[in-house]
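2 protein chains.
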Amino acid sequence: MKRKKFILPEGQMPTRWYNMVADMPHAPRPYLNARTHKPTTMADLSIILAEELARQELSTERYIEIPEEVQQIYRIWRPAPLVRATGLEKALDTPAKIFFKNEGVSPVGSHKPNSAVPQAYYNHKQGIRRLTTETGAGQWGSALAFAGRHFGLDVEVYMVRVSYDQKPYRRLMMNTWGAQCFSSPTTKSEAGRAALARDPHCMGSLGLAISEAVEMALREPDTTRYCLGSVMNHVLLHQTITGEEAILQMEMADAEPDVVIGCIGGGSNFGGIAFPFLRKKFCEGKAIRVVAVEPESCPKLTRGHFEYDYGDMSGYTPMIPMYTLGHEFQPSAIHAGGLRYHGAGAIISQLLHDQAIEAVAVPQTETMQAGILFARTEGIIPAPESTHAIAAAIREAEQAKREGSEKTILFNLSGHGTIDLYAYEQLLAGNLRDDRPTDEEIARTVERLEKLM
Amino acid sequence: MKRKKFILPEGQMPTRWYNMVADMPHAPRPYLNARTHKPTTMADLSIILAEELARQELSTERYIEIPEEVQQIYRIWRPAPLVRATGLEKALDTPAKIFFKNEGVSPVGSHKPNSAVPQAYYNHKQGIRRLTTETGAGQWGSALAFAGRHFGLDVEVYMVRVSYDQKPYRRLMMNTWGAQCFSSPTTKSEAGRAALARDPHCMGSLGLAISEAVEMALREPDTTRYCLGSVMNHVLLHQTITGEEAILQMEMADAEPDVVIGCIGGGSNFGGIAFPFLRKKFCEGKAIRVVAVEPESCPKLTRGHFEYDYGDMSGYTPMIPMYTLGHEFQPSAIHAGGLRYHGAGAIISQLLHDQAIEAVAVPQTETMQAGILFARTEGIIPAPESTHAIAAAIREAEQAKREGSEKTILFNLSGHGTIDLYAYEQLLAGNLRDDRPTDEEIARTVERLEKLM
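First to last, the sequence lines map onto chains F and R. Per the working numbering, the first sequence starts with residue 1104, numbered consecutively. Per the working numbering, the second sequence starts with residue 1104, numbered consecutively.
Do not rely on the hints blindly, as some may be mistaken.
Which copy? The list can't say, so a pair holds if one copy fits it or any two copies do.
Below, computed lysine-lysine pairings styled on DSS-like, alpha-carbon distance capped at 27 Å [stated by the list, open to error]:
hint	residue 1	residue 2
1	K1510	K1105
2	K1504	K1193
3	K1389	K1554
4	K1384	K1228
5	K1228	K1193
6	K1105	K1389
7	K1228	K1105
8	K1193	K1291
9	K1554	K1228
These are calculated hints, taken from the structure and not from any lab test.
Working from the sequences, and respecting the hints, build out all of it.
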């Protein structure tokens, strides 16, 4: 009998996060202050982030201890299982071994609380009483609602109106954990009022929601800070708990991955699984390929430019050196809402620039078909974001079959799709579209980046 | 540091189910053939159920081996965690230790696949190619869709129209696993056509959906059988994997429960956690209280009569000796749809009659308030059904505090509430109602039972 799951005992849960910056062939260029164009300082960052998070953002230490209070909450669902995808292997009739790390077991249903919990903790420790954030599809907002509740923090989530209307379950989840969730644009902020003055029926955007969340945080600097769910170094740092666990679990399974795969929006679940394995590649000389999978409709890694850009659409964040389609790029409305982001975090972008990782773009229909095959062979209905990793894993397994090679594949299942079932309905009804931006469309938003510097 | 979770290694997952009948002080009276009123035979049962399931229904063997093929699918999510509810304990400031078994970790989100998987397996082994079933809120239909897929079976689910319209996510889940889900009444069956002829706008009922599912199975006896998700002995047998695991996990936690709690609809999650602990009570003399928790709006155990009754509303099933409100009783539309059942399975009813277990009825508002406290302290949003067990556990913990006793409480968290969030919205909005049937309402449906015999 092949073992199905590899679960670390609670006592073996890793107790430190891994900072990729310590071992990169070339460190990423610094963030720049958007106004002065000088390297961003602790002081710049601490205006919007908790101090310890600002410190982690700029840190070059290899390991950072996970506070005991954070570990306690992690233990609600961590260590998360590593699973051998025996059903999928059988269906593909492949000689490849396929493993996945199941981050969908968290109460929120995704990897997002891995960073939401420490962000809430450090803010609480600093005496902050209120957090603001934005959310698109709702995974990050749910995670911060969950995390904030554990430390008695008030959490305000600005949710893009189109999602607020379409995804009531995510909003209800935030309310159940005691957070407030507002349909953005609101009349609470100047940014929101200005947007509504221009268009009373404005459906919102992630950029606008960030503007509202940051503005509301800046207004109460004694009590309030802003939190972000991806892109920045400290967020990816927290996510490395995933890869650190996976390394120990692959040892339990007596296997080593030849290829490690994650889907990519801003980079949080990808960095989480990839960075610890990249350490093995850089420091132990292991021959591990690492693949980031993006939607063909939002191809920042495969077709974007490596430039300084804003992390948000309004220029509130520092300027980040990244592979980007330009912060004004508007990806089509694919179901994988968490991957509709114009750029990739600085560390990931530098790694791609140095050819230490690979990138692949997959069309929506292929990803959702991979998702349904996974649901029917492994039982778990994956989030539309995670189906991108599955699709790339299937491509690798099929290649292994053609070559007759016994490749070992590991991918990160970033979340379950239990409340994203509408995407599956659209696939089954034959209504899914594959959008691929033209070169002209990409050039239009990328070209404007030159004016920023 | 207190340990949070107790997870059995996969290799220690129990490999046999426990048959409560073997150790009961008094065996339940036999089922009766609804037409002849003679004890039901294998031949009677095998018309609608797979033979092995009919055999298990009548079995008195203490243990039944779990087939390896079933164990393999169980391993997708089992062993399920036993969790120490440290957050809830702290919020209640109680000296009691509270543990819960988390059955919400299955791909379906509840305990239901514990029986759906073996039911699909035995039907497949017998050469059956198609299964029919009914579903109310959708948990059981989803579980059979999930299970049937693993054995290549066609699954047809008749879903009560009111739920079909209100709960699209459950239907989409069934479709994603490849099952067909029909809004009952349909025009496919005579029962459905007759109902639609009487009322073209008929919103359906569980009784009618059962009638449709059984009729469609009987029509193709060479290829098709019917499956049921609760009430019957073989279903409760399969669910004992829960309690068998919990016994081993409580040993890991170095604790023994003073009280074991489960919510009750037909009895499947309650029996699953309770029966193995009742074995310890009956065979090892352990002083364990076992408490079944029902909604105050459907109080079969606390206010029903102990009589022979039909398991369904149309009289398709054998007559079952049970605590019942009468098969025509219409409970109010509480959010815990899985508990809106008029009777309790024969074994559970006999145990209550013999005072080997206790029963308690809890109003809806109290259960949902318990659910929100649990979500905010333990992180997991519980299903409305499971909040009944939580409410009773809280009552026990508060009593322990008043008495200053160090009671150990174990309850079964039968499922998560991620796609039942509407119930929480109603609670937060102050819109929940507590319905309690009058004595006259109960008498009206119970009195008619006399005419059945």
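For each hint, the structure was consulted:
1. K1510 x K1105: For K1510 and K1105, only the intra-copy Cα distance (17 Å) is at most 27 Å; the inter-copy one is 41 Å.
2. K1504 x K1193: For K1504 and K1193, only the intra-copy Cα distance (12 Å) is at most 27 Å; the inter-copy one is 54 Å.
3. K1389 x K1554: Neither: 42 Å inside a chain and 78 Å across chains, both beyond 27 Å.
4. K1384 x K1228: neither (36 Å within a copy, 48 Å between copies)
5. K1228 x K1193: Between copies only: 20 Å across chains, 49 Å inside a chain, cut-off 27 Å.
6. K1105 x K1389: Answer is within: at 26 Å inside a copy they meet the 27 Å cutoff, but 38 Å across does not.
7. K1228 x K1105: The answer is between: 22 Å across copies meets 27 Å, while 46 Å in one copy does not.
8. K1193 x K1291: Answer is neither; intra-copy 54 Å and inter-copy 36 Å both fail.
9. K1554 x K1228: Neither. Shortest intra-copy (40 Å) and inter-copy (69 Å) distances fail the 27 Å Cα cut-off.
Hints 3, 4, 8, 9 from the earlier list are contradicted by this structure; the remaining hints agree with it.
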